[in-house]
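If you read the protein sequences in the order shown, they are chains A, B, C and D.
When we follow my numbering, the leftmost residue of the first sequence carries the number 461, and every step to the right adds one.
When we follow my numbering, the leftmost residue of the second sequence carries the number 461, and every step to the right adds one.
When we follow my numbering, the leftmost residue of the third sequence carries the number 461, and every step to the right adds one.
When we follow my numbering, the leftmost residue of the fourth sequence carries the number 461, and every step to the right adds one.
Hints are not guaranteed to be accurate.
If you want the ones that stay clear, here's a sample from chain D, every Cβ over 10 angstroms from chain C, calculated [what the hints assert, rightly or not]:
#, residue
1, Lys558
2, Glu565
3, Asp593
Sample of chain C residues facing chain A (criterion: CB under 10 angstroms; computed from the structure) [claimed, not checked]:
#, residue
4, Phe549
5, Ser552
6, Gly657
7, Lys705
8, Leu730
Below, simulated SDA-like cross-link-like pairs (lysine to any residue); rule was C-alpha separation at most 20 angstroms, straight line [what the hints assert, rightly or not]:
#, chain 1, residue 1, chain 2, residue 2
9, C, Lys658, A, Thr733
10, B, Lys728, C, Thr729
11, B, Lys555, B, Lys590
12, B, Lys558, B, Asn595
13, A, Lys556, A, Leu617
14, A, Lys555, C, Tyr736
15, A, Lys728, C, Lys553
16, B, Lys504, B, Lys685
17, C, Lys538, C, Ala475
18, D, Lys728, A, Ala723
19, B, Lys524, B, Ile536
20, A, Lys654, B, Ala642
21, A, Lys685, C, Gln551
22, D, Lys556, D, Leu618
Keep in mind the hints are simulated off the structure, nothing from the lab.
The beta-carbon is built from N, C-alpha and C at its ideal position, and this holds for glycine as well.
Protein chains: 4
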Amino acid sequence: MQLHSFREITKNYKAVFFDSFGVLKNYNGIITGAQEAIIELQNKGIDYIILTNDASKSPEMLAKDYACLGFKDIPISKFVTSIMLAKSFLQSKIKKGKIAYLGTEQSAHYIKSTRREVIPVNDLNFNSDKINDVNALVLLDDEGFDWQTAINNTVNLLRMRNIPVVVANTDLIYPMNKNDIAVAIGSIADILEKITGKHFIKFGKPDIQIFNYAYEHISPKRHFKKSEILMVGDTLTTDIIGANKFGIDTALVLTGNTIPDQAEFMIKTLGITPDYICETVAG
Amino acid sequence: MQLHSFREITKNYKAVFFDSFGVLKNYNGIITGAQEAIIELQNKGIDYIILTNDASKSPEMLAKDYACLGFKDIPISKFVTSIMLAKSFLQSKIKKGKIAYLGTEQSAHYIKSTRREVIPVNDLNFNSDKINDVNALVLLDDEGFDWQTAINNTVNLLRMRNIPVVVANTDLIYPMNKNDIAVAIGSIADILEKITGKHFIKFGKPDIQIFNYAYEHISPKRHFKKSEILMVGDTLTTDIIGANKFGIDTALVLTGNTIPDQAEFMIKTLGITPDYICETVAG
Amino acid sequence: MQLHSFREITKNYKAVFFDSFGVLKNYNGIITGAQEAIIELQNKGIDYIILTNDASKSPEMLAKDYACLGFKDIPISKFVTSIMLAKSFLQSKIKKGKIAYLGTEQSAHYIKSTRREVIPVNDLNFNSDKINDVNALVLLDDEGFDWQTAINNTVNLLRMRNIPVVVANTDLIYPMNKNDIAVAIGSIADILEKITGKHFIKFGKPDIQIFNYAYEHISPKRHFKKSEILMVGDTLTTDIIGANKFGIDTALVLTGNTIPDQAEFMIKTLGITPDYICETVAG
Amino acid sequence: MQLHSFREITKNYKAVFFDSFGVLKNYNGIITGAQEAIIELQNKGIDYIILTNDASKSPEMLAKDYACLGFKDIPISKFVTSIMLAKSFLQSKIKKGKIAYLGTEQSAHYIKSTRREVIPVNDLNFNSDKINDVNALVLLDDEGFDWQTAINNTVNLLRMRNIPVVVANTDLIYPMNKNDIAVAIGSIADILEKITGKHFIKFGKPDIQIFNYAYEHISPKRHFKKSEILMVGDTLTTDIIGANKFGIDTALVLTGNTIPDQAEFMIKTLGITPDYICETVAG
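The whole structure should be built from the sequences, with the hints applied where relevant.
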């Protein structure tokens with residue numbers, strides 16, 4: 461397995477897309493050298509985007525989180541999250557009525573800016589006519605609701621109302637700390653899709669729509685070609701295969717989900733090959 | 461679609477296996493005529509078993525439930541539930557240590573009679589050495605625990621301990637009342653299996669092990685042949701296909717999951733054909 | 461179920477994306493009125509694209525096919541097929557070596573224009589060192605090879621070479637005539653993915669990359685907004701859900717996969733709702 | 461990983477179930493010491509069964525194959541194959557008409573003894589009324605037919621006739637020699653089930669029905685308890701998990717699918733734990 465220097469390979473690109481968790485930060489905070497790597501890109505005039513499957517946070521919230529961790533001067537415009545695609549879908553498709561949601565009030569705040577009224581699934585009253593005003597359901601966050609009630613309510617809602625269901629993050633789990641993981645909203649979505657038999661609208665890596673959104677964002681006038689962009693990620697089945705398919709080059713880093721000992725085995729087993737492998741973005 | 465009289469067809473059999481919900485009872489209580497149908501079988505000397513995917517109740521508890529509903533004189537020995545198979549597995553395979561469980565204390569009571577210590581998943585202490593005493597996990601009931609904590613704990617338990625996981629009911633949902641359904645423990649099992657990548661041990665229709673268990677139960681010395689037994693159920697994908705495969709005859713009743721209007725369409729779409737179709741067991 | 465006039469609804473758009481089979485043509489030839497519908501769009505200055513999951517034909521071949529059927533003057537530039545995405549991927553990702561393929565020589569001809577050498581899977585010699593020159597595999601067409609040999613060869617190739625596999629059409633079946641259907645290359649892809657455990661790169665509706673490709677094609681300088689485009693299709697699970705997710709409006713026609721009697725039931729069962737339903741494009 | 465001596469552990473059992481390929485034989489012939497292991501069991505009065513997912517061969521044919529390899533004196537009665545379950549199902553469920561099949565004439569010969577007429581799928585005439593005589597379809601063998609025609613014919617048959625489909629082997633692949641594998645009939649079954657949406661009747665490990673069949677076979681009067689039987693296999697996901705669930709003890713051997721280097725990793729990844737691990741049956 462040949463390792464590359466991140467500094468060396470980025471020389472050949474005009475823009476870099478970074479995954480967030482496992483690439484720039486982890487449960488301990490900033491990954492050593494990540495801040496310097498970004499500053500170096502800036503100094504060289506290489507643009508960048510932080511591209512994350514996060515259904516619970518707006519770019520504003522992410523920018524604050526990064527500032528709290530110690531990253532300096534990453535503007536809001538550098539963040540692209542899958543909730544932005546969910547919002548964009550709801551804005552173009554849901555012209556009236558309410559949007560029910562699973563998640564925290566904070567996560568729903570961002571969706572509220574579509575000017576539609578939002579309501580937690582657990583506050584729905586199934587015996588009222590108002591249930592007929594619910595015109596979409598969006599799955600945002602794994603917190604902020606009682607799961608049992610929410611899942612049961614959702615199943616019953618989808619039996620009464622034939623409405624689009626938007627899943628803003630297809631990840632099944634997320635890391636809590638070195639040893640613990642938690643079940644993410646993508647798992648809840650899978651269970652609901654299987655029970656109801658309905659087809660949900662899903663955003664987030666590896667689906668290419670988020671890569672396309674980021675590309676439109678960073679290069680609205682196509683002054684960058686796809687071949688001038690590098691995706692950097694720690695996960696083969698989301699970051700790397702998605703970016704491969706989208707048509708941009710890919711670098712796998714070994715500071716997150718894919719640990720050094722297993723990288724070669726995983727690449728072979730899954731049949732997903734990055735263009736480069738780097739130990740970390742700091743090197 | 462040709463309809464048959466239940467009374468007529470049972471003449472040809474020495475034993476009848478009944479599914480419970482949607483066949484003998486529903487959310488309103490006893491299905492009209494079900495009590496009389498059972499009495500008539502008894503009078504004719506036709507044996508019977510009530511065979512149910514229920515991971516939360518022992519035969520004792522089911523017999524009490526049936527008595528409360530108004531069924532008279534159905535002895536405990538007439539009930540076969542999937543929890544009996546789970547218990548039997550645990551008894552033969554788990555020789556020491558504790559059994560963790562998802563479900564109510566009541567549902568775990570039955571498992572306790574294996575003489576193993578049982579402990580709710582949400583009471584596990586992951587920072588104690590005692591976690592190493594946990595030698596099996598059993599999924600019993602959808603109630604009695606906080607879902608979010610329990611699912612997260614279970615995922616983490618299965619990362620630390622390579623132990624068998626027993627699923628005592630593979631149903632995804634169950635009916636609450638005419639309009640509402642609830643998510644059953646089988647759905648939780650699916651999500652956990654997908655996240656962990658592990659293979660669980662699953663009991664309950666359509667798997668044939670529960671049919672075999674009932675057969676051993678009713679005919680330990682093989683005085684009944686399989687061809688002398690009729691399975692009666694309301695669900696094509698569990699009762700009917702499972703019994704077909706087990707090699708006994710099948711009758712679909714239209715008092716539960718398969719409603720009269722859709723029976724023919726469902727049979728055709730799923731490719732699952734019962735030997736008989738009866739409107740109800742009372743006829 | 462409210463039916464709309466195709467003529468009326470297209471007034472509100474600047475471009476129309478048509479699915480091909482079941483919308484403009486079927487196994488009998490041109491769908492009545494389809495030619496006139498296209499001419500009318502042209503006269504009104506509404507642009508259009510024919511957007512099809514076809515892994516076996518280049519735009520040139522499709523234009524010829526349409527001309528043979530009797531459609532007049534549909535230029536090559538109006539066709540977007542999923543093989544164009546496969547080719548584009550191979551051009552950007554496979555810099556050297558050979559590309560193995562499943563399909564007819566004719567279908568491979570188009571891929572050859574990537575300037576890579578192409579070779580049928582059934583001509584591979586597994587005992588020669590030349591197997592190491594194979595740097596990609598592309599699944600094009602269900603014809604042109606002996607299935608048993610080809611599937612076995614492919615499985616063995618993917619055990620020896622860790623290379624990207626491109627699936628240029630994810631459809632499972634396609635219609636042959638009123639009564640018969642045939643198994644499409646998408647089914648072969650599924651079986652191969654399951655056996656090998658590898659993740660393939662898949663193009664074609666409902667994945668949004670083909671919609672995006674068509675959008676770039678018709679509106680390279682973004683002079684059309686997404687809200688000014690209408691997708692017309694006969695299949696809910698490909699044409700309609702894909703275009704919904706991509707963010708353009710959708711019209712279901714009832715001249716193909718979704719027959720009038722079942723349209724309402726299918727929409728409800730699948731939870732996929734078009735913006736409009738039209739009997740046909742001719743009306 | 462603790463290794464056990466096969467000779468030592470079998471002392472505690474009254475009967476042993478052997479998987480065939482990878483346990484007693486492989487593509488080179490008899491696995492070293494396998495013949496002696498069986499003779500030793502016989503001398504000690506321990507009964508045995510050879511239990512294999514083989515949809516193409518009757519016990520008679522298997523006994524001949526074993527004799528050709530050099531195994532001496534293994535009577536026909538010692539073989540249990542999944543085709544026996546398929547035959548048993550067809551005998552009890554299909555009272556008249558024809559049985560269509562995929563596979564060689566040789567494999568169909570065994571099914572013929574049900575006294576039903578059998579016909580290869582590729583010989584069906586869809587334009588004749590005789591198609592209505594076809595009352596079951598059985599998938600036997602991956603050879604003996606042109607795949608493309610057969611799969612297309614099967615899909616069309618299942619659209620015309622709502623009949624049970626029996627799959628006599630759920631394995632996806634089988635080994636050809638040290639480096640090559642071939643696609644098994646189980647893979648064809650999966651593709652057909654997905655395309656048609658129908659539920660097939662499937663026999664073969666890990667499903668417990670074949671274990672139960674072997675148990676009835678070896679212990680018709682229950683003179684052996686389940687706890688007195690040991691299953692020996694080389695595959696965790698079929699032999700071991702199936703026998704675990706059936707309630708008998710299990711020994712994994714490392715002469716087939718599970719190679720010594722990966723055994724511990726596979727056990728952990730899949731969450732399937734054998735009671736014993738032996739390098740080989742000869743030790």
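Hints, verified against the model:
no.: 1; hint: Lys558; in the structure: 21 angstroms, holds
no.: 2; hint: Glu565; in the structure: 17 angstroms, holds
no.: 3; hint: Asp593; in the structure: 19 angstroms, holds
no.: 4; hint: Phe549; in the structure: 6 angstroms, holds
no.: 5; hint: Ser552; in the structure: 5 angstroms, holds
no.: 6; hint: Gly657; in the structure: 6 angstroms, holds
no.: 7; hint: Lys705; in the structure: 5 angstroms, holds
no.: 8; hint: Leu730; in the structure: 6 angstroms, holds
no.: 9; hint: C:Lys658 to A:Thr733; in the structure: 11 angstroms, holds
no.: 10; hint: B:Lys728 to C:Thr729; in the structure: 17 angstroms, holds
no.: 11; hint: B:Lys555 to B:Lys590; in the structure: 17 angstroms, holds
no.: 12; hint: B:Lys558 to B:Asn595; in the structure: 6 angstroms, holds
no.: 13; hint: A:Lys556 to A:Leu617; in the structure: 18 angstroms, holds
no.: 14; hint: A:Lys555 to C:Tyr736; in the structure: 15 angstroms, holds
no.: 15; hint: A:Lys728 to C:Lys553; in the structure: 18 angstroms, holds
no.: 16; hint: B:Lys504 to B:Lys685; in the structure: 18 angstroms, holds
no.: 17; hint: C:Lys538 to C:Ala475; in the structure: 12 angstroms, holds
no.: 18; hint: D:Lys728 to A:Ala723; in the structure: 18 angstroms, holds
no.: 19; hint: B:Lys524 to B:Ile536; in the structure: 9 angstroms, holds
no.: 20; hint: A:Lys654 to B:Ala642; in the structure: 14 angstroms, holds
no.: 21; hint: A:Lys685 to C:Gln551; in the structure: 14 angstroms, holds
no.: 22; hint: D:Lys556 to D:Leu618; in the structure: 18 angstroms, holds
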